[in-house]
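**Q** Dock chain B against chain A, hints included.
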Amino acid sequence: MRSVLCFGDSNTHGQIPGGTPLERYGPKQRWPGVMARELGDNWHIVEEGLSGRTTVRDDPIEGPHKNGRTYLWPCIQSHTILDLIIIMLGTNDLKARFNQPASEVAMGIGCLIYDIKELTPGPGGTVPEIMIVAPPPMRDDIKEWEPIFSGAQKKSHELALQFEIVADSLEVHFFDAGSVVDCDPQDGFHINQQAHENLGVALAREVESIGWPHEPVQNT
Amino acid sequence: MPDMRFAPPNPLRIADRATGLNSVSVRSYNERLLLSLLLQNDGITRLEIGEKTGLSAQTISVLLRSLEQEGLVSKGKALREQGRVGPPTIPVALNPEGAYSVGICIGHKNTEIVLVNFVGEVGFHATLPNPSPSQNSNHPEFLETIQKAIAMLPKGTYDRLAGVGLALPESGSLVGGEEQAIEQKYAALQHEIESEIGFPVFVQNDITATAGGESMFGVAKPLTDYLFFYLGAELHTRLVLNHQIYNGNSALSFDVGILNLEQALQQQGMPTDPLWDRSSNWPDYGQTQKIWEQALIERLTNSCLALTQFVEVDTVVLSSYAPRDICRTVCSILEQSVPGITAIAGNLNPSPKAVGAASLPFNSRFMVN
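Line by line, the protein sequences give chains A and B. Just so you know, the first sequence maps onto residues 1 to 220 in this note's numbering. Just so you know, the second sequence maps onto residues 1001 to 1369 in this note's numbering.
If we strip away everything but chain A, and leave its shape as in the complex, we get (with noise of 0.2 Å):
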């Protein structure tokens, strides 16, 4: 059995586009529930996604605990032992409150990526497999949530390639979810039930296609 954490934000809970954090896509629906399905019975997914989470931020409008960095610790040693963990952060670190260029919101996943290094988390005490998912782009239109994005939009056209360069001096796997699902024009940057399901199979080609070094040891 593979064990596999997704950590991400609305986009891995599953909230709808257009809908509030209480509106949300069914277990077999969101992305990771997809990639369960792909992946087959001998993987273990982990859904962990949280509406407004951010790389490393604490958000003085929403609370503390929406910093991925200070809930990752507690979070990856719940569900340790973990084979791969998916990360798919940084929109919410393009709010207006935390004024970040796309290139720091990188070096906000580069922080994560240390810190699973560090807590070895892997079969054995080693460092798993990580892979850094850049989300997809914002529509130029996002609503009501203008204000709270201002200036959001361009700078979210630069997480990908921002991101890929940290992923490839930290020597991790990287995909671009902006090159299968495009955000649902409902709010301009969150992703709908069809986007959920490509994400979801995308990223199941992905996990398979990495070089696991051998069969996973049968212990359901």
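It is possible that some hints are incorrect.
Distance condition first, Cα-Cα at most 20 Å in a straight line; then the derived SDA-like pairs of lysine to any residue [as the list claims (entries may be wrong)]:
id: 1; chain 1: B; residue 1: K1075; chain 2: A; residue 2: N198
id: 2; chain 1: B; residue 1: K1075; chain 2: A; residue 2: E206
id: 3; chain 1: B; residue 1: K1109; chain 2: B; residue 2: K1221
id: 4; chain 1: A; residue 1: K117; chain 2: B; residue 2: S1056
id: 5; chain 1: B; residue 1: K1075; chain 2: A; residue 2: R139
id: 6; chain 1: B; residue 1: K1075; chain 2: A; residue 2: S179
id: 7; chain 1: B; residue 1: K1148; chain 2: B; residue 2: G1198
id: 8; chain 1: A; residue 1: K117; chain 2: B; residue 2: T1059
id: 9; chain 1: B; residue 1: K1221; chain 2: B; residue 2: R1324
id: 10; chain 1: B; residue 1: K1052; chain 2: A; residue 2: W212
id: 11; chain 1: B; residue 1: K1075; chain 2: A; residue 2: D176
id: 12; chain 1: B; residue 1: K1075; chain 2: A; residue 2: G178
Keep in mind that the hints were calculated from the coordinates and are not lab data.
**A** Structure of chain B alone, referenced to chain A:
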């Protein structure tokens, strides 16, 4: 001391969206290691790459991503084998259109020029008379011909051209019927091509280049050790151990090649033009050909026996300009006369030496030595 974790990222390779081949200087050892494996294997999984290189899955992921971005590698389709447990195997392979190379060889009578793609498929081939060195310049006609050949390359291949490989015969061999040393004759050729045409030129002895071509594109691809023979005007030999071609100082060649047959045929007034025309089969030369074949096989047998006293090599590759049927016949007789030896006829077409020359830029730019 500052915490280096929070220094600006220092990527193995800067991820960018530029197209075209990266310059030679930025290609890392590990990237070359990976490309070497891909050039030596037709399809290889990431797991196999990891096992052969000792690199981690994450590092391989970074390297493959950058090679995919550069267009050198295409991601293979997942192979879902029936009844197989676990994830499907996804082979990684070179993108045939990812890189091109021009190969030029100066032969006994003619100069051959080929364009090959990244997997060795020949897209263009021309045969020209050998350049005749003039007094003042080195070889203007020759240079002009190469320029013409490059001008005939398909559109869109220029920025993917890895370079020009130039295979030159050993000094003292019979090119142009002149005694002048090859080194002097072609000394400035590399520099001239580079400055006139603007592509890097890689020069190698023609026999060594041909062995390299058989290793990269031909029948020797799966072989790590073999004894290589090239049957041209004369018979030449090289030893390949662990993919490395031993290129000794000895310019030894044996007068049992096609030239020897030609002389025998001429004495009997038989036509010899078909001998030098790669595109056609030889006519039935009867007894003369039989005698020549016997002498050739005797020479091959002696070389094999002499070598196997020192090294354990069980495969012979016979590469030649001669028709493949002839080579196959020679190979099967050789197998009978040297027990335990497998003899394989080379399959580089239309000119083994030129295709071998075309392997040189790939070798220098993409592989580990």
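**Q** The structure should be examined with respect to each hint, and the outcome stated for every one.
**A** Hint check:
| no. | hint | result |
| --- | --- | --- |
| 1 | B:K1075 / A:N198 | holds, 19 Å |
| 2 | B:K1075 / A:E206 | holds, 11 Å |
| 3 | B:K1109 / B:K1221 | violated, 29 Å |
| 4 | A:K117 / B:S1056 | holds, 14 Å |
| 5 | B:K1075 / A:R139 | violated, 30 Å |
| 6 | B:K1075 / A:S179 | holds, 15 Å |
| 7 | B:K1148 / B:G1198 | holds, 14 Å |
| 8 | A:K117 / B:T1059 | holds, 14 Å |
| 9 | B:K1221 / B:R1324 | holds, 18 Å |
| 10 | B:K1052 / A:W212 | holds, 14 Å |
| 11 | B:K1075 / A:D176 | holds, 16 Å |
| 12 | B:K1075 / A:G178 | holds, 18 Å |
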